[in-house]
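Engineer: Here is what each chain is made of, one letter per residue.
Number of protein chains: 2
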Amino acid sequence: MKKIRGGVTAPRGFSAGGVFCGIKASRKKDLMLVVSDGPCAAGGVFTTNRVRAHCVERNLRLLRNRPAARAVIANSGNANCLTGPSGRRHTEMMAKAAADALGIGEDEVLVASTGVIGKRLPIERLMRSVPDLVSGLRPNPAGNQAAAQAILTTDTVIKEMAVKLGISGRTVRIGAIAKGSGMIHPEMTPDGLRHATMLCFITTDAVISPDVLQRSLEKAIRRSFNMISVDGDMSTNDMVLLLANAKAKNRPIREKSAEEAAFTRALGAICLHLAKAMVRDGEGATKFVEIQIKGARSEADAREAGLTVASSSLVKTALFGCDPNWGRLAASVGTADVEMNPAKLQVKLGRHWVLSGNRVVKQKKAELARLFRRKNIKITLDLGAGRCGATVWTSDLSTQYVRINSAYRT
Amino acid sequence: MKKIRGGVTAPRGFSAGGVFCGIKASRKKDLMLVVSDGPCAAGGVFTTNRVRAHCVERNLRLLRNRPAARAVIANSGNANCLTGPSGRRHTEMMAKAAADALGIGEDEVLVASTGVIGKRLPIERLMRSVPDLVSGLRPNPAGNQAAAQAILTTDTVIKEMAVKLGISGRTVRIGAIAKGSGMIHPEMTPDGLRHATMLCFITTDAVISPDVLQRSLEKAIRRSFNMISVDGDMSTNDMVLLLANAKAKNRPIREKSAEEAAFTRALGAICLHLAKAMVRDGEGATKFVEIQIKGARSEADAREAGLTVASSSLVKTALFGCDPNWGRLAASVGTADVEMNPAKLQVKLGRHWVLSGNRVVKQKKAELARLFRRKNIKITLDLGAGRCGATVWTSDLSTQYVRINSAYRT
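Chains as they are written, first to last, in the numbering used here: chain A, 1 to 410; chain B, 1 to 410.
A few of these clues could be false.
To be verified - Just the calculated beta-carbon pair ranges, DEER-fashion:
hint: 1; chain 1: A; residue 1: Q363; chain 2: B; residue 2: N65; range: 34 to 42 Å
hint: 2; chain 1: A; residue 1: T156; chain 2: B; residue 2: S298; range: 40 to 48 Å
hint: 3; chain 1: B; residue 1: S135; chain 2: A; residue 2: E367; range: 38 to 46 Å
hint: 4; chain 1: A; residue 1: R374; chain 2: B; residue 2: N65; range: 45 to 53 Å
hint: 5; chain 1: A; residue 1: E339; chain 2: B; residue 2: G38; range: 17 to 25 Å
hint: 6; chain 1: A; residue 1: Q363; chain 2: B; residue 2: A300; range: 38 to 46 Å
No lab work stands behind these hints, which were simulated from the structure alone.
Idealized CB from N, CA, C, for every residue including glycine.
With the rest of the complex left out, here is chain A (with noise of 0.2 Å):
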């Protein structure tokens, strides 16, 4: 595996595009495409959130029967979310007009949003901007670019990210462009069950089916965007889709094969990093932690207790502080409702191992606190329960992510 440029325009026969349709006040691009020359075998996840918007009910219905998909258009700025009947034709009429102007069949087209809840989609103007969008689509970085920019909301950075392998002795390429700042906490399932605004868009050249295609994305997203959390927010939008063409002719990648393993394994590094980029982008954050939880009975609880402490304010606000507050961390994991043993727990920052047996490790003060103020954290709980584990990522909470999130209105 390796990297590579390009973004969703990295692999054979994808090209992409994003402009301006008159959705954001500040003018930037808010429309984008992603589009492939030839049918594609199509896979997604979605916010497990039970109040959806309507592309995400759209998506789940039209992924239900494994059909081929050639497009993605997405707008960002408004969710289209809890917008009546009116909403729900407004994203077919996105589909449409994306099929209508690349010539393709509706169904084909795949749709999501980003942005507030609750306000009509400027769907004229959105319509009106769609021929200028097929006419700009590239295949090259620029075209991956101006998509990249084109579904961002609060995010300060473009967020994308591309690799090779070698299969069956073919090259197959897997790029993709992510969005995600704040209302972070996706838990998403292939059926939308129960978990933030991040939405994240994987193009792949890969020969794979449906089936196939779909298991490994939902390996892909279990370790990565399952495991972050910057405000623990769970958007009603989240969704990955994934799309391959087959354009690199490879054998086709067959269930438990190695083949299979190594492309599960690119499509997660590929995730895992779009994943941490998020938080990393994380709105108002001054930190970037990973919190790797121990002595789990299962993984699940050890997700569980992670993101339990992640998304505890006053978690959040001491490591905001550079303070080494882990009595806090300690309360918090006591909080999660998972299997542990409290007279177990041990908590450890950095290499320094502060709460163990249940008796506190004396630590020199200074160099606590000399950790706490680096940019990158690591934590370890563990729960003296069992040997399962999971590590979580996060941001801290800032008095600029109060600032962004009461400044920004409906």
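Since the structure of chain A is already known, use the hints to place chain B on it.
Structural biologist: Just chain B now, kept in the frame of chain A:
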């Protein structure tokens, strides 16, 4: 029921006091004692955090057998939690010091602590202050004031209330003091099985058996302390203790009697007043928000939905920004693990429905903006899934909250 002066010293036969014993750097009062002239029936509810302070463990053990109790000793500034076997010994020493100075049994003294976790209690200084504490006990409002001050941490005001009511021809008094400003998201049960540091000590001169007293307390906290959240973080030390010394000489309050109902109503009113006082004094709070959940399958579902919304950083920062961003309310309630019908979700801000029948109800922007500039805000969410409801209370998430909690050094 009539409000009276005096807090915990309002009921006959109770005295209280508070001194500075050497824990707080500010040199403010940090050790308090509430004592009854005679033996009391005692009840209590405790944090459900799996990580619990030694004082919680000790009170749980003592109260299991419904013993007679006489006194409560409590310190602030140090939670004496995760302090190992020496910490456990220090809790016992606090009880013994009070018992010796008062000439009562060790097991008649209940202990509470609040403050920093994982730090050794300066037990020598604390013990040396107990004689002064005992000699300063007063039965009048002065004793109550000193005790109420000595349990405060980040609180800006003392919290107290007392009432009197007629029971079987006699006047029964109930009085209480409480503290709580941050780490407030209580879920207390009689066995401390599962959620803030909040402390509340209640006294009464009613004649009531320990069992009836305990059940009455459990009912009283259900729709008060267990329905508030300041920052979503549950403490390791939360507790409510209730002592009844029978000095009112009423006929014993029997289970399921009209007297029990009246007593529980009065107790509930005190708990609700103090719970709301904690939210109003929430760390950095600029808003007092009532969230009413309707249309839930059960009251437990309604509580869970309400506390989920009350714990959302995006909802709380919008409130701080005076932003009627109801989309965040809907997105947040959608993540609650309860039955709901998203298509029937309804949202009301003050008296204005903004989402009804999954359609946005047009509003005058200026009116909603005016509504959200007020200090007191009422929000109603109808889940469309049943006929049950609950009301929770919360504060906003301000830049000041972040400052307080990033500067609060271990």
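Engineer: Each hint needs a verdict: does it hold in this structure or not?
Structural biologist: Comparing the hints with the structure gives:
1. A:Q363 to B:N65: 34 to 42 Å: 40 Å, holds
2. A:T156 to B:S298: 40 to 48 Å: 43 Å, holds
3. B:S135 to A:E367: 38 to 46 Å: 44 Å, holds
4. A:R374 to B:N65: 45 to 53 Å: 51 Å, holds
5. A:E339 to B:G38: 17 to 25 Å: 44 Å, violated
6. A:Q363 to B:A300: 38 to 46 Å: 42 Å, holds
Going down the numbered hints, you'll see the structure goes against just number 5.
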